[in-house]
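**Q** What follows is the residue order along each chain.
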Amino acid sequence: MSILVDEDTRVVVQGITGGEGKFHTEQMIEYGTNVVAGTSPGKGGQEVSGVPVYDTVDEAVEEEDADASVVFVPPAFAADAIFEALDTDLDLVVAITEGIPTQDMAKVNKRLSEVDTRLQGPNCPGIITPGEAKLGILPGNIFSEGNVGLVSRSGTLTYQVVDSLTERGIGQTTAIGIGGDPIIGTSFIDALEEFENDPETDVIAMCGEIGGEDEEEAAAYIAEHMDTPVVGFIAGRTAPPGKRMGHAGAIVSGSGTGTAESKINALNDAGVPVGDTPEEVAEHVEDLL
Amino acid sequence: MRLHEFQAKDVFAEADIPTPPSALATTVDEVVEQAERIGYPVAVKAQVHVGGRGKAGGIKLAEDEEEARDAAESILGMDLKGYQVDKVLVEGAVDFKNELYVGVTMDRGEGKPVAMVSTQGGVNIEEVAEENPDAIAREHIDPAFGMHPYQARKVVYDAGVPKELARGVSSVLTTLYDIWEDSDASDAEINPLMVTTDDEIIAADAVLNIDEDALFRHPEFAEYETEAAENDLEAKANEYGFDYVRLDGNVGIIGNGAGLVMTTLDLVDYYGGKPANFLDIGGGAKAERVTNALDMVFSDENVDSVVFNIFGGITRGDEVAKGINTALEQFDEIPKPVVVRLAGTNAVEGREILNDELVTVEETLEGAVQRAVEYAEDEQ
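If you read the protein sequences in the order shown, they are chains A and B. Numbered per full-length UniProt numbering, the first sequence spans residues 1 to 289. Numbered per full-length UniProt numbering, the second sequence spans residues 1 to 380.
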């Protein structure tokens, strides 16, 4: 079992003829993902690694009966690509692109409220159901099949925690990188809800970071709505206020909210143990299984 | 990216938001010259990228030439919260009866722009927001439609702005929203928006922060970018295209991915060390980028040891190893000890080619961080 994607998911790669799009299409296929089409305006009719390319997402979805897309389109054109994907009846759109202007994402966010499609990202590593499918850039070899769900704002931190889990023989149902930008599609709460409803997920690891109040909101949701145990981790305890640390979201305001302390306290209050190190996260998960 | 006040005021003035007469000056004589031209009284205001300049002594009023000279002498060259002041804005002082606050920013929680107005302007608005949030009226804006005039009026009325001023303040707010949208700003603020004794409305300060991700469609701001760097190291980081933040410790940190780099910082702290910096080489870095990253960190004289933490996904361990070798082979003696931890894509290949006479290789993240902290202590 898994959430959101599995071996039957039929995937369109938007921007398949670009360097990143092509490379990761091959990686996804090698992992077993059912990549059925690619898009690149003006390049319809070509093939990339055996995958047919279409000019529009609409055409790709219609011809190949796709139900999910992965966006590898450069930042200047990425919002447009997401709008295009949202204009079809896809179930899931995963936006990998980093550096999309925030005002573009505010407009995407508005459109998102009008459609049934789930957006994941942008600026995220993607989603993987080990042994079945991966949509995005996650290194497949570190994941293993199992019963722990993982949701994270950071890509490489996801890898670090998964590595610690796999090392202990703990596999994963699905791992979701929701991305570190100020405005994102799928939130912690969305992912937690999916995991809560997945009978195969026995424990969830949730990796957050400084900035925003998403973790605080997630903590309130956990306390109120969840039975599946959650283990937390918050990156950026040592970050000074007012400085942007890479992720647009990873900035601490001068006031109390958005700090590591406020997030850790909120999680602890919701009964969520928070690891001081990625190793400790794995230990807590092991204890709860 | 934060614009200077005078740069933001240029943008505001171009959009027809009234601003006081002003001129930039870099010497005491220039300050006096401009003050004479504008006419006393004037305000002399430090042009640095920080808020709270007034409290920190960066803004002074001058009634005559002697006071202008004193103000210029005390402000020019001063250190304001870590920034060296090398230019000031000389500005006609306004006779005012009210000070308001107007601002537009992105509410990330809502994923929507928000327009804000308060009659408690002229003070630190963050403090007002914390202590008396009701003193700031807010209106969320649909980014697809922009701000409707009724929304501007609504937030102005909600804030309790006197009726006779409502029209003028609404108009400034509408223009401010347009500036915010057109320039891809993250924040656009006027604090204070002054109401003069003649009921004129004038922007006495101007804040405009631009979304760095949107600079590609704003060549007009490109020249401000390098200038916005806080110090030589951050200017260098801009040139190399790194996300870099200097901190006050002595363990240099290089990694890939913001979350993992922050985690590495936290672990250095956890094991009793102090991080010297945050440096994210980003995704898919090639050898040259890795060499540049080491150059960056060695350029910081506070650094006593360096820890490299790479978890390859899109980034390849062998490329990273090549970059580390290239960077270190140019030295007769390595400036500071370097600890490397490689995991993920091509990590095995990377560890094979890594020149381990030049670096210490550690298998685990925890091990690497502990070793780097020990080295930093030994160097002290």
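These are computed hints drawn from the structure, not numbers from a lab. Keep in mind it's a predicted model, so treat the numbers as computed, not measured. Treat the hints with care, since some could be wrong.
Below are the DSS-like pairs computed for lysine-lysine, each with C-alpha atoms no more than 25 angstroms apart in a straight line [stated by the list, open to error]:
no., chain 1, residue 1, chain 2, residue 2
1, B, K112, A, K243
2, A, K110, B, K154
3, A, K107, B, K154
4, B, K81, A, K243
5, A, K22, B, K286
6, B, K163, A, K243
7, B, K112, B, K163
8, B, K87, B, K154
9, B, K154, A, K243
10, A, K110, B, K112
Label pairs and their computed distance ranges (CB to CB) [claimed, not checked]:
no., chain 1, residue 1, chain 2, residue 2, range
11, A, A220, B, D107, 12 to 22 angstroms
12, B, V123, A, E200, 50 to 60 angstroms
13, B, D107, A, F83, 16 to 26 angstroms
14, A, D58, B, G160, 33 to 43 angstroms
15, B, E131, A, D6, 47 to 57 angstroms
16, B, Y157, A, N268, 51 to 61 angstroms
17, B, R138, A, N197, 29 to 39 angstroms
Yeah, the Cβ is synthetic: ideal placement off N, Cα and C, and Gly gets one too.
**Q** Please go over all the hints and tell whether each is borne out by the structure.
**A** We went through each hint and held it up to the structure:
Distance restraint check for K112/B and K243/A: the Cα-Cα separation of roughly 22 angstroms lies within the 25 angstroms cut-off, and the hinted pair is therefore satisfied. Among the hinted pairs, K110/A with K154/B is consistent with the structure: their alpha-carbon atoms are about 22 angstroms apart, no more than 25 angstroms. A hinted pair counts as satisfied when its Cα atoms are at most 25 angstroms apart, and K107/A with K154/B qualifies at roughly 23 angstroms. In summary, the hint linking K81/B to K243/A is supported, as the alpha carbons are separated by about 14 angstroms, within the 25 angstroms threshold.
With a CA separation close to 18 angstroms, the supplied pair K22/A and K286/B stays within the 25 angstroms bound. Distance restraint check for K163/B and K243/A: the Cα-Cα separation of roughly 40 angstroms exceeds the 25 angstroms cut-off, and the hinted pair is therefore not satisfied. Taking the CA atoms of K112/B and K163/B, the gap is about 28 angstroms. The hint is violated against a cut of 25 angstroms. Restraint check for K87/B and K154/B: not satisfied, since their Cα atoms lie roughly 39 angstroms apart, outside the 25 angstroms limit.
A hinted pair counts as satisfied when its Cα atoms are at most 25 angstroms apart, and K154/B with K243/A does not qualify at roughly 34 angstroms. Using a Cα cut-off of 25 angstroms, the hinted pair K110/A and K112/B holds, with the two alpha carbons roughly 8 angstroms apart. In this structure the hint that A220/A and D107/B lie 12 to 22 angstroms apart at CB holds, the actual value being about 18 angstroms. Taken as a hint, the range 50 to 60 angstroms holds for the pair V123/B and E200/A, whose Cβ atoms sit roughly 55 angstroms apart.
Range check, D107/B to F83/A: about 21 angstroms between beta-carbon atoms, so the 16 to 26 angstroms window is met. Against the hinted window of 33 to 43 angstroms, the Cβ-Cβ separation of D58/A and G160/B comes to about 50 angstroms, which falls outside the hint. Checking the proposed 47 to 57 angstroms range against E131/B and D6/A shows it holds: the Cβ atoms sit about 51 angstroms from each other. A hinted range of 51 to 61 angstroms for the beta carbons of Y157/B and N268/A is inconsistent with their spacing of about 43 angstroms.
Our hint of 29 to 39 angstroms for R138/B and N197/A holds, since their Cβ atoms are close to 35 angstroms apart.
Comparing the model with each numbered hint stated earlier shows that hints 6, 7, 8, 9, 14 and 16 do not hold.
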